[in-house]
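Let the hints inform the model, and build the full structure from the sequences given.
Protein chains: 2
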Amino acid sequence: MPISKNKIKWIRSLEQKKVRREERVFVAEGPKLIGDLLGYFHCRYIAATADWLTAHPTLQADEIDTATIDEIERASLLKAPQHVIAIFDQRTEQTDISVIEHQLCIALDDVQDPGNLGTIIRIADWFGIEHIFCSQGTVDVYSPKVVQATMGALARVHLHYVALPEFIGKLKDEVPVYGTFLDGKNIYDQPLSTTGLIVMGNEGNGITAEVRKLINRTLYIPNYPIGRETSESLNVAVATAITCAEFRRRE
Amino acid sequence: MPISKNKIKWIRSLEQKKVRREERVFVAEGPKLIGDLLGYFHCRYIAATADWLTAHPTLQADEIDTATIDEIERASLLKAPQHVIAIFDQRTEQTDISVIEHQLCIALDDVQDPGNLGTIIRIADWFGIEHIFCSQGTVDVYSPKVVQATMGALARVHLHYVALPEFIGKLKDEVPVYGTFLDGKNIYDQPLSTTGLIVMGNEGNGITAEVRKLINRTLYIPNYPIGRETSESLNVAVATAITCAEFRRRE
Numbered sequence: 022m023p024i025s026k027n028k029i030k031w032i033r034s035l036e037q038k039k040v041r042r043e044e045r046v047f048v049a050e051g052p053k054l055i056g057d058l059l060g061y062f063h064c065r066y067i068a069a070t071a072d073w074l075t076a077h078p079t080l081q082a083d084e085i086d087t088a089t090i091d092e093i094e095r096a097s098l099l100k101a102p103q104h105v106i107a108i109f110d111q112r113t114e115q116t117d118i119s120v121i122e123h124q125l126c127i128a129l130d131d132v133q134d135p136g137n138l139g140t141i142i143r144i145a146d147w148f149g150i151e152h153i154f155c156s157q158g159t160v161d162v163y164s165p166k167v168v169q170a171t172m173g174a175l176a177r178v179h180l181h182y183v184a185l186p187e188f189i190g191k192l193k194d195e196v197p198v199y200g201t202f203l204d205g206k207n208i209y210d211q212p213l214s215t216t217g218l219i220v221m222g223n224e225g226n227g228i229t230a231e232v233r234k235l236i237n238r239t240l241y242i243p244n245y246p247i248g249r250e251t252s253e254s255l256n257v258a259v260a261t262a263i264t265c266a267e268f269r270r271r272e
Numbered sequence: 022m023p024i025s026k027n028k029i030k031w032i033r034s035l036e037q038k039k040v041r042r043e044e045r046v047f048v049a050e051g052p053k054l055i056g057d058l059l060g061y062f063h064c065r066y067i068a069a070t071a072d073w074l075t076a077h078p079t080l081q082a083d084e085i086d087t088a089t090i091d092e093i094e095r096a097s098l099l100k101a102p103q104h105v106i107a108i109f110d111q112r113t114e115q116t117d118i119s120v121i122e123h124q125l126c127i128a129l130d131d132v133q134d135p136g137n138l139g140t141i142i143r144i145a146d147w148f149g150i151e152h153i154f155c156s157q158g159t160v161d162v163y164s165p166k167v168v169q170a171t172m173g174a175l176a177r178v179h180l181h182y183v184a185l186p187e188f189i190g191k192l193k194d195e196v197p198v199y200g201t202f203l204d205g206k207n208i209y210d211q212p213l214s215t216t217g218l219i220v221m222g223n224e225g226n227g228i229t230a231e232v233r234k235l236i237n238r239t240l241y242i243p244n245y246p247i248g249r250e251t252s253e254s255l256n257v258a259v260a261t262a263i264t265c266a267e268f269r270r271r272e
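First to last, the protein sequences are chains A and B. Under the numbering used here, think of the first position of the first sequence as 22, with each following residue one higher. Under the numbering used here, think of the first position of the second sequence as 22, with each following residue one higher.
Here are the simulated BS3-like pairs of lysine-lysine, each with C-alpha atoms no more than 25 Å apart in a straight line:
#1 B:Lys28 x B:Lys166
#2 A:Lys100 x B:Lys38
#3 A:Lys39 x B:Lys100
#4 A:Lys166 x B:Lys100
#5 A:Lys193 x A:Lys206
#6 B:Lys39 x B:Lys166
#7 A:Lys206 x A:Lys234
#8 A:Lys100 x B:Lys100
#9 B:Lys100 x B:Lys38
#10 B:Lys100 x B:Lys53
#11 A:Lys166 x A:Lys26
#12 B:Lys100 x A:Lys38
#13 B:Lys234 x B:Lys191
#14 A:Lys166 x B:Lys166
#15 B:Lys39 x B:Lys26
#16 A:Lys234 x A:Lys193
#17 A:Lys26 x A:Lys100
#18 A:Lys100 x B:Lys166
#19 B:Lys206 x B:Lys193
#20 B:Lys39 x A:Lys100
#21 A:Lys39 x A:Lys166
#22 B:Lys53 x B:Lys166
#23 B:Lys28 x B:Lys39
#24 A:Lys100 x A:Lys39
Stretches of chain A that chain B covers, calculated by requiring three or more beta carbons in the stretch to come under 8 Å of a beta carbon on chain B:
#25 129-143
#26 146-155
#27 172-178
#28 234-245
#29 248-260
Non-contacting residues of chain A with respect to chain B, defined by C-beta distances greater than 10 Å in every case (computed):
#30 Ser34
#31 Glu44
#32 Arg45
#33 Arg65
#34 Ala71
#35 Ala76
#36 Pro78
#37 Thr79
#38 Glu94
#39 Arg112
#40 Gly158
The hints are simulated quantities; they were obtained by calculation from the structure and are not laboratory data. Beta carbons are placed, not taken as given, at the ideal position from N, Cα and C, and that holds for glycine.
Here it is as C-alpha cells:
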C-alpha cells in the first residue's frame, strides 16, 4: 500500500509534543536509525521502499506500507528524507532513584537544544551511562530532531523526566551529586566516584539555583593556559563529554 | 538613519558563500557576539537600537544606522533577532606552516556541519589552540550559522583554508600528526606532544584516505566498558573536545 493521506497527516502531527504525549509514539527516519531502534521499541507503523523491505524479511511492525521514495519524501519531517520512516511506541521507563547509588548517571537541568540532547544521549551511550534524569523543562527526547541526533543511542539509554530538585533531594546525603561551574574545583585534582549523578545545566543559564543547592561536589574543566582570555563557557554537550570521559578514564 | 532596503538586501545576500567570498565580509548578530568581535575585525556596517548605540559611544564602524527592533528583524538572518546586526571584514590570515612545530594546532578534513565547526572553534579557544587548518571542503567559517555558533571565539582563533593533503605533506617528518580512528591506540596510554597537528574528519566519512596516509600517530577514545555494544562513533566536535582536553591535561 502507498502511504495514505491520513498516515502523512499522522506523521506530520507528531512534530508536536502534545500529540506525541497523547499518543505516546514518536517518528524515526532512515535505515540506520530505524535498524538500531527495531527490537528496542515496539514499531506501530513503517513505510519503506520495496528494496528496504526485501532486505528486512523478519521485520515486526503493526502495519507496513511499501512506498516510493517520492511518497516517503512527502511524509518526511527531514530536509533529506531517506528510504524508510517509522512510528514507534514511546518506552514506559521505570524510574528507580536507587540506580544512582550503583551507577554513574546524568541529570539535565533544562537543556533546551534538541541537537545538544541528542549528542548527550550519544555521549552517555559511548561511556556506558544508562540513565539520564531530565527536568520537566528539558527538551522532549521524542522530538524528531532529538531522535535523529541520537543516531540510535536512544535504544540503550533511558531518559526519565522528573521534578529535578525534588528528585535529587530524595537522594541519600552520601550520594555524590556533581555539577560543573566556572567557580568549581579543577576536575583533574578531584576524586571522582564510580556512582552518583553528574548534573548539566541549561545552555544560557546553567544549573538552576534550586538544583545548585543540592550539588555536593562542584567541578570545573580548566581552560588552557589557565587564566587566559577565552570563551566564557563550553557548549553543554562538550562539557558533558569531557566530564564523562574523565570519570571513565579514572576507572 | 533606518536600515535601507539596499542594506537589507546586502545583509541577506551574505548568506551566500559566493557573495561573502567576493566582498570578503561576513554578518554577525547579537550584542554579545558583536561586542566580542569589535576590535578584532574591522566593522564595515552596524545597525543597532538607540539604546545599544548609547551604551557603545566609542564604537568604530564605517557606517552606523540607528534602527528599531522591527527593522533589525527584517534584516536579520536569525530566527530570534537581537538588538544589533553588523557586517565585518573577513580577516586575511597569514598561513605559516611552522606554527605546527611550536604549538598544538587542529586540522579539519571536510567538516560539513556549521554547528560542529562553530563548536570546534569554541573548543580550540577554550584550550588555547590558535590555528585551525581546514580542507577546502570544510564548511565556510564565515557562514552566518558558524559565526553565531562560535560565540565570539572567532576573535581569537585563526582559520586557514588549505589543500590539506599537500599542506600536511610539507610538514617535517618528525612533526606529530594525530588522528582519531576506531582502530587507533587508546589515547590514555599514548604519549601526547605539546606541538603538532590533531586531524579531525568529516561527520559521516571520517578522515579522507589521502590525509590518513599522512597521520603518524593514531588515537582512539575508548568507550566504556570497553567492548560493550555502543554508538558507532562520537560526534566530531565531541571527539575534538575530549582529545584536546586530554592533550592539555598532560601539560
